[in-house]
Amino acid sequence: MRRLARKKLWIVRFLYMSLFTAVVTGCGIGGVSDAEKSVSAAEVPLKKSAWVVDWQWKAGADDLQGMTNGLTNVQMFAAYFDEADNLFFTESFQKGLPKVQEISRRSSLVHVDLTIVNDQKRKDGTDIQKDPALVTRLMATEESRGKHIDQIMKAVEEYQFHGVEIDYERIEEKDWGNLLAFFKELYQRLQEQDKTLRIVLEPRTPIETLSLPEGPVYVMMAYNLHGLQSDPGPKADRSFITELTTRMKVVPGEKVIALSAGGFDWAENGEAAAVTEKQAAELAKSSLEMPRRDNASGSIHFQYVDQNKQKHTVWYADETTLQTWAEIVSGEGYRSIALWRLGELGSKSVRFMNE
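Everything in the sequence shown is counted per the UniProt record's numbering, starting at 1 for the first residue and increasing by one.
Relax, there's no trap hidden among the hints.
Pairs of lysine to aspartate or glutamate, EDC-like flavour, derived with a Cα cap of 20 Å:
#, residue 1, residue 2
1, K147, E83
2, K130, D85
3, K147, D175
4, K255, E243
Hints listed in this document are in silico derivations from the structure and should not be mistaken for laboratory results.
Taking the hints into account, I'd like the entire structure generated from these sequences.
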């Protein structure tokens, strides 16, 4: 009996101390630890979307066929502008869109959206990419914005898009006020037709000082830490992604973090070129040493010598890299990622996007 009494007393003391600890630490009663939040976030599947580009739509469609179970949206890139500032669609776009829409229809979860970029196509075959002056003209007045919105709505109806994505880059400071008004006006018009709006933000976008309207989904480009105009290095690393996810907390509504597949090939003479994952993996077969994985970014890097005896340095992302970046995003509390872009992904990367 004494032994039983002592046992009961021990149980009471244990329960009391457990309750006291829970109250003090905030665990289990009225609070959740950061560690528990990370575990909880990791258990929730990420929403995924991806871009298919008009100039590589066949390879993009091939990848898309293998990930219809994992995507919620696919962005058809892109609508450009002609020399009169009207929306312009390439012949490749016209050919690729029906195939992308056909694939998307196999899964009721995948919607096709239109991405519009501030690139201008000239009659002589040249382009002006990411043209800030074009945005200035489009946003200048209520009338010019209205004309632009009317053209967008017409394109959405004609091509049966689920929604629109605006990817206007290199915006001049003086244009932000008019551009924000455009976002709000376009969102309202799209909502009337049960259509959606996504807005792409560059890392250089002054999101801390902008009053971005509520309603649209906002996408942060968490890539090109290194690129065509820089020294060799990864497209993103933990520090870069974490900085952007922290900054994005001031943005209203649903937020998406965009990651980038593939990589870049830097030649010794200063020239650089983008490479897909499959292209990089093929080049890696000629690597001077065993390709290595960078701890800070999860990216693979190696060097090779071309047929002209010139040394090249390549950094690229594979499925492990994408998984690493996605885990960083998830650990920061974000539930949606977008992948730039489909086309010549490795089979394991396709599988990752299909999860």
